[in-house]
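Model the full assembly from the supplied sequences, consistent with the hints where possible.
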Amino acid sequence: MDPPWAIRILAAAMCILIVARMLLARRGKDYFIRRIPGIDAIEETVGRATETGRPVLFSPGMGAFDNMQTIAGLAVMAWVARRCVQMSVRMLVAIAEPVVISAADNILFDAFRQEGRESEYRPSDVFFFGRDENAYAAGVIGLLTREKVAAAYYFGGYGFETLLMAETGNRVGAIQVAATADFFQIPFFLCACDYTLIGEELYAASAYLSRDPIQVGGVSGQDFAKAILLAIIIAGSLAGLWLALSGKGGAVLNPVEGILGR
Numbered sequence: 002m003d004p005p006w007a008i009r010i011l012a013a014a015m016c017i018l019i020v021a022r023m024l025l026a027r028r029g030k031d032y033f034i035r036r037i038p039g040i041d042a043i044e045e046t047v048g049r050a051t052e053t054g055r056p057v058l059f060s061p062g063m064g065a066f067d068n069m070q071t072i073a074g075l076a077v078m079a080w081v082a083r084r085c086v087q088m089s090v091r092m093l094v095a096i097a098e099p100v101v102i103s104a105a106d107n108i109l110f111d112a113f114r115q116e117g118r119e120s121e122y123r124p125s126d127v128f129f130f131g132r133d134e135n136a137y138a139a140g141v142i143g144l145l146t147r148e149k150v151a152a153a154y155y156f157g158g159y160g161f162e163t164l165l166m167a168e169t170g171n172r173v174g175a176i177q178v179a180a181t182a183d184f185f186q187i188p189f190f191l192c193a194c195d196y197t198l199i200g201e202e203l204y205a206a207s208a209y210l211s212r213d214p215i216q217v218g219g220v221s222g223q224d225f226a227k228a229i230l231l232a233i234i235i236a237g238s239l240a241g242l243w244l245a246l247s248g249k250g251g252a253v254l255n256p257v258e259g260i261l262g263r
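Counting in the numbering used here, the sequence shown runs from 2 upward without gaps.
Quick caveat, the hints were computed from the structure, so don't treat them as lab data. A quick note: this is a predicted structure, and the numbers were derived from the prediction, not measured. Keep in mind that a hint or two might mislead.
To be verified - Between beta-carbon pairs, the in silico distance windows are:
hint : residue 1 : residue 2 : range
1    : A12       : I215      : 19 to 25 angstroms
2    : A13       : N135      : 39 to 45 angstroms
3    : S238      : R172      : 45 to 51 angstroms
4    : R35       : L242      : 29 to 35 angstroms
5    : G54       : G29       : 38 to 44 angstroms
6    : F184      : P38       : 15 to 21 angstroms
7    : F184      : D41       : 20 to 26 angstroms
8    : I234      : R172      : 41 to 47 angstroms
Glycine residues also receive a C-beta, built at the ideal position from the N, C-alpha and C atoms.
Below, the structure written as structure tokens:
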């Protein structure tokens with residue numbers, strides 16, 4: 002069944018709002034994004050790895066570039082890689098999709114290049130474990146166990162392998178920070194990781210750390226759209242309740258129609 006006309010208009014207005022904020026951000030408009038606790042955790046864990054002299058592990062998830070979580074995860078990876086290079090911490094990257102290998106390799110090399118330490122870059126620190134979730138989980142578990150990593154970061158889309166990897170990291174004593182929008186996997190990260198960014202916090206962290214105008218404008222636009230939707234729902238619900246109690250109309254379930262009338 003086709004959605005009501007009011008919902009179509011509202012969806013179109015929200016899309017226009019988000020795109021407008023993205024365009025304004027590209028033109029130099031600076032939007033505020035709140036710093037979430039998980040970002041502080043990333044800095045703390047890199048510092049701990051420096052103290053212990055052990056490497057860190059970064060996983061951008063199981064998705065390819067058609068998954069926005071992968072793109073957000075790679076943006077966070079760029080920031081973590083730069084911090085690791087600055088603090089002389091070895092960074093291991095676990096990849097599941099072939100098309101992501103070159104991007105991860107370039108991100109890691111660019112972190113060394115920006116610090117003028119290209120000669121220290123090791124392409125062998127980027128590992129490809131395949132698309133199969135069992136193979137990927139086994140590869141990550143092997144890295145966690147062999148290298149005794151000090152910190153592990155899981156930023157992206159995941160399947161059932163989340164608990165396998167996170168539990169192993171917990172067992173080897175790694176501080177783990179995870180972020181995913183796959184809500185079925187969030188409980189496993191919450192149980193086994195030290196810090197977990199839930200749902201859209203992944204995109205907020207990506208925008209905050211990368212300061213990419215498109216991401217910053219998109220996150221800001223979505224937050225503004227949510228505030229408008231919340232206001233419409235409250236106002237529409239009150240209007241519908243008033244119509245029902247006053248006898249001027251039946252119970253109105255659509256908040257937009259509750260405001261505008263049928």
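Checked hints:
no., hint, result
1, A12 to I215: 19 to 25 angstroms, "holds (21 angstroms)"
2, A13 to N135: 39 to 45 angstroms, "holds (43 angstroms)"
3, S238 to R172: 45 to 51 angstroms, "holds (49 angstroms)"
4, R35 to L242: 29 to 35 angstroms, "holds (33 angstroms)"
5, G54 to G29: 38 to 44 angstroms, "holds (42 angstroms)"
6, F184 to P38: 15 to 21 angstroms, "holds (20 angstroms)"
7, F184 to D41: 20 to 26 angstroms, "holds (24 angstroms)"
8, I234 to R172: 41 to 47 angstroms, "holds (45 angstroms)"
This entry satisfies every hint, going by the numbered hints stated previously.
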